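Participant: All chains, please: the whole structure from these sequences, using the hints.
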Amino acid sequence: MNDSYVFKMNKKWRRGRFLGVAIFSLILFLLIGYGVYEYNDKKDNPFIINTLSDYYNAKSNDYYVKIESSEIYDMNVAMFNSKDQSTFDNVTDYFLGVNIEDKILPVSVKKEDIEKVVNGEVSHYVVSGNIRTFDPNTFRTLKNVLIEDGLTYDEFNSIVLPNYLEQSYPVESLYMFIGLAVIFIFIFSILYGKIFIINRRAQKSLLNYFNGNLDNAYSSIDMDINSSQTFKLNPFTLTQNYIIVDSKHVVLTLPLKELMWVYVHRVTYRFFFFVKINMVTSLELVFSDNRKYRIAVPGFASKGVERANDIIDAISHRTPVFVGYSDELRALFKKKPEEFKYQWELLKQQSYNTEVTEF
-18 MNDSYVFKMN KKWRRGRFLG VAIFSLILFL LIGYGVYEYN DKKDNPFIIN TLSDYYNAKS
42 NDYYVKIESS EIYDMNVAMF NSKDQSTFDN VTDYFLGVNI EDKILPVSVK KEDIEKVVNG
102 EVSHYVVSGN IRTFDPNTFR TLKNVLIEDG LTYDEFNSIV LPNYLEQSYP VESLYMFIGL
162 AVIFIFIFSI LYGKIFIINR RAQKSLLNYF NGNLDNAYSS IDMDINSSQT FKLNPFTLTQ
222 NYIIVDSKHV VLTLPLKELM WVYVHRVTYR FFFFVKINMV TSLELVFSDN RKYRIAVPGF
282 ASKGVERAND IIDAISHRTP VFVGYSDELR ALFKKKPEEF KYQWELLKQQ SYNTEVTEF
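Throughout the sequence shown, residue numbering follows this note's numbering, covering -18 to 340 in sequence.
The set of hints was computed from the structure by calculation and includes no laboratory data.
Since we're looking at a predicted model, the values are computed, not measured.
One should not assume that every hint holds.
Label-pair restraints from in silico Cβ distances [said to hold, decoys possible]:
1) L214 x L9: 55 to 61 Å
2) G193 x N271: 15 to 21 Å
3) K315 x G(-3): 31 to 37 Å
4) N57 x I164: 34 to 40 Å
5) L7 x I171: 31 to 37 Å
6) I140 x L7: 32 to 38 Å
Backbone N, C-alpha and C fix where the C-beta goes; we use that ideal spot for every residue, glycine too.
Facilitator: Here you go:
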């Protein structure tokens, strides 16, 4: 069995999927590892700002910084997460000022620290984060509030630094990378899970067609490959009795006599909904156990359609099948699968192994 064509094909496919999982796992490990590194680096080695020179250096290099100060000023400017600005619950950030060499650096403080500072519960304030650039509206609001509170226009421009410190905690970077990892795992699980389910389903169908005897299936397929004339057009191989698919995503070997319906499926991609930039062609295969398989056919636009039609012609010369898509066939298959199968059986009886009825 280990020398069987199908066994080797499946083994190659599994090796490719294992390699994909290994590469994904490595990327995931590096992603989380970098998140842990960022967390430890920010926690243990923040850039300390004591002077204006430190401030400009941190701003230029986007350092994660830490400031300790006992000179804290309430700027009386809050940011809200909704239009309702009447309650403290809607406050997301609050601006305080920290003294650096007779200059004031605005600090966007998180909600959980606001009350402690404003109520005087903290005499020596320690804050960490990154130097950010004000958006014009926020900076204009800050300027107007401080001028209304007594600063002159010139005093504001000479005292208040034009950037602010956005407070953040080292663990937030770790959460961000863990969040990215979870998203990647979710997407990967959907894509790879679907691929594994499809191939597992095809393997189970082959077993059912041979009453669970896989050795018998493999030997019969090998004998047919060696004794009959084959038609090959990537990723399809057709023998006299079997259809074999060896693609990146789907690997299957099933009896041709169990194929009921085959048709072309096309998906067109457009740029800004107007300009057609690509058309992907697939073949839909529907078997007697009511399982469907969509197999991508290489070749863009008309070339893909031409290849798909060549494959359909080769199939129809080997076994009687319904050829081509129609809403009537789709409705019959979806709503009355047994009637669909009965009609296919009638087609087989009437075809004398050569005639194909096309809808």
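Participant: Against this structure, judge whether each hint is valid.
Facilitator: So, going through the hints one by one against the coordinates:
1. One distance hint, 55 to 61 Å for the beta-carbon pair L214 and L9, is violated here, with the actual separation near 37 Å.
2. The hinted range of 15 to 21 Å is satisfied by G193 and N271, whose Cβ atoms lie roughly 19 Å apart.
3. For the hinted restraint 31 to 37 Å between K315 and G(-3), the CB-CB distance of approximately 33 Å keeps it satisfied.
4. For the pair N57 and I164, the supplied restraint of 34 to 40 Å holds, since their beta-carbon distance comes to about 39 Å.
5. At about 20 Å, the beta-carbon gap between L7 and I171 misses the expected band of 31 to 37 Å.
6. Checking the proposed 32 to 38 Å range against I140 and L7 shows it is violated: the Cβ atoms sit about 51 Å from each other.
In this structure, the hints that do not hold are numbers 1, 5 and 6, in rising order.
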